[in-house]
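Position chain B against the provided structure of chain A, taking the given hints into account.
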Amino acid sequence: MLSARRLKVGYEERVIIEDLSLSIKQGGITAIIGPNGCGKSTLLKTLSRMIPAMEGEVILEGTNLQQMKSKKVSQKICLLSQHNNAPGDLTVEQLVYYGRLPHKKWYESKTGDDQTLVDWAIEETGLTKYKQTPIAALSGGERQRAYIAQALCQKTDILLLDEPTTYLDVSYQLDLMELICEINQKFKITVVMVLHELNQASRYSDRLVIMKNGEIISDGIPNKIINQKIIQDVYQIECEIDQDPISNKPRIHPIQTIKGA
Amino acid sequence: MKLSLSNKYIVIVLSFFLLLFLVIFFTTIGSVSLTLEEVIQAFFSDEETVARTIVYRMRLPRNILATLVGANLAISGILLQSVMKNPLADPGITGVSTGASVVAIFIILVAPHWIHALPLFAFIGGALACGLVFLLAWKNGIQPIRIVLAGVAVNSILGGFISLLSILYSDRIQSALFWLNGSLASKTWDDIYLLLPYSIIGLIASLFLIRSANVLQLGDESAKNLGFNVSRTRLLISAVAVFLAGVTTAIVGVIGFIGLIVPHVSRMLMGSDHKYTIPFSMVLGGIILLVADTLARTVGGAIEIPVGVITSIVGGPFFLYLLRKKGA
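Keeping their order, the protein sequence lines are chains A and B. No gaps in the numbering here: position 168 of the first sequence is 167 in the numbering used here, and each next residue is one more. No gaps in the numbering here: position 167 of the second sequence is 186 in the numbering used here, and each next residue is one more.
Same shape as in the complex, but just chain A (with noise of 0.2 Å):
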């Protein structure tokens, strides 16, 4: 349903993909690793047309989204990016109550549809305690969430997310990835992120992309493609890798750097 056809993307004179291709299924969770500067989060800024592409195209249901008109796009894929600095007195509900402009015309005001839109977002991420407080009085895993009800609320098929879990305590971190994982199953949006954490991103993807200079190394099912050898060549570390008794999935044990890899 979203589709990368030979993307070449940078900034200024510094080109950072140089030649990517990437097409994301309906349904599912993906998870896009790499280090820093692979160009992870630039491929998902491109994906959400927050950057356009120097060459090549990124097609969304059979339209390139260049020609699409932005409102159009974010009807479609929401991004949740890594830095939100919204004022912080803004109330949850109000916040959230953002997520409907796309669907909005710039004369038309909030309906009783939107509240209830609003409501059952606020619900669905557990904040309704929160609605009326201030962003800026809420913990930082609040508040992450509080801006996944608005991507709710924006009734996107596909949302895409940049390092959600970053800033976070642990514990929010979990709660965070539970979270999006149930709207994945439950909403049916597939979901795009960028992850750092490797774990995160072995337990709760059902696809592994994994980056290194602005290449696909590697691109399949955690099981499947994570190793010693694919993680050392990435990331010039040593590890250990067994499988989570939870998830079955692939876990990672860093042991030490690789010097001069």
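Mixed in with the good hints there might be a few duds.
To be verified - Using C-beta positions, here's what the derived DEER-type ranges look like: (1) B:F36 to A:T132: 28 to 36 Å; (2) B:M287 to A:I245: 45 to 53 Å; (3) A:T115 to B:F44: 15 to 23 Å; (4) A:H82 to B:F227: 53 to 61 Å; (5) A:I58 to B:N248: 16 to 24 Å; (6) B:G49 to A:T115: 53 to 61 Å; (7) A:I245 to B:R343: 49 to 57 Å.
Derived by calculation from the structure, the hints in this document are not laboratory data. Ideal Cβ placement from N, Cα and C applies to all residues, glycine included.
Then chain B, alone, in the frame of chain A:
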């Protein structure tokens, strides 16, 4: 100091009535003191009394003009602050007032026979300078920081021209100084009729920009994600802001600090939502400039002080006080 939702409405409505009251009440103050009774009589009688001349021909138009000017500059300020995501942005940063000044000073000093067309030419000068700033700032879209940098550069070049003109024609600088510091002295109903249509257009347009200004506050990526074309939205909001500052400056000259302080006070009381800050800034801008102008024409006794001098001298320390208080 933030207000609850219903209190916000009450404060906006009350300040609106305060503004109406002040527009009338301040007509009693001046070199000739009048009682409120005399003022009201002057309104309702057709007799050309002295009181009627003072109220109707001099003080009332001036008060109404001050209200319009204050509202325009305050809205210009709050719109630009939302575009720049910078609480220190002021309409002047876009080059609009310096551009207007260069042209106005040129006409006043070098080509005084053009003086009748000064507002038009000053507006064109302001628009050109501002266009230049945005042109220099444009690079794959509009980034706030580049507007600020280009604005500083253009302002400094144009400032040089103003200094040059002032030195070359230092014998006639007196009249130019009033313009450079903004003055409502000897303004008449004609000036109001000139400014009013543009003010109405600009102020109403600002009400339609409330949602866009709010979305810009969420950050560029959030705004894009919600289907907004961020650069286009910035240009649109800037255009309205610059239009308001431009027409106002063209008629009354450069009045500083209103566009900076009013949005601040407004946000302190109303929060970040432009649904409240925009209407409140309009009213508050009117009140503050009206008070400043009344001071300008009274504190100096027989000497009229440019209102821009008052807003800067009183506004600067007040602004510092607000910043300190906010930090505490």
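Evaluation of the provided hints:
1. The supplied range of 28 to 36 Å is met by F36 of chain B and T132 of chain A, whose beta-carbon atoms lie about 34 Å from each other.
2. The given range of 45 to 53 Å is respected by M287 of chain B and I245 of chain A, whose C-beta atoms sit roughly 51 Å from each other.
3. Distance hint check for T115 of chain A and F44 of chain B: the Cβ-Cβ separation is about 49 Å, which falls outside the suggested range of 15 to 23 Å.
4. Evaluation of the 53 to 61 Å hint for H82 of chain A and F227 of chain B yields a failure: the beta carbon distance comes to about 29 Å.
5. Taking 16 to 24 Å as the suggested C-beta distance range, the pair I58 of chain A and N248 of chain B conforms, at roughly 21 Å.
6. Remark: the range hint 53 to 61 Å for G49 of chain B to T115 of chain A is upheld by a beta-carbon distance near 59 Å.
7. Under the hint 49 to 57 Å, the C-beta atoms of I245 of chain A and R343 of chain B, about 55 Å apart, fit the expected range.
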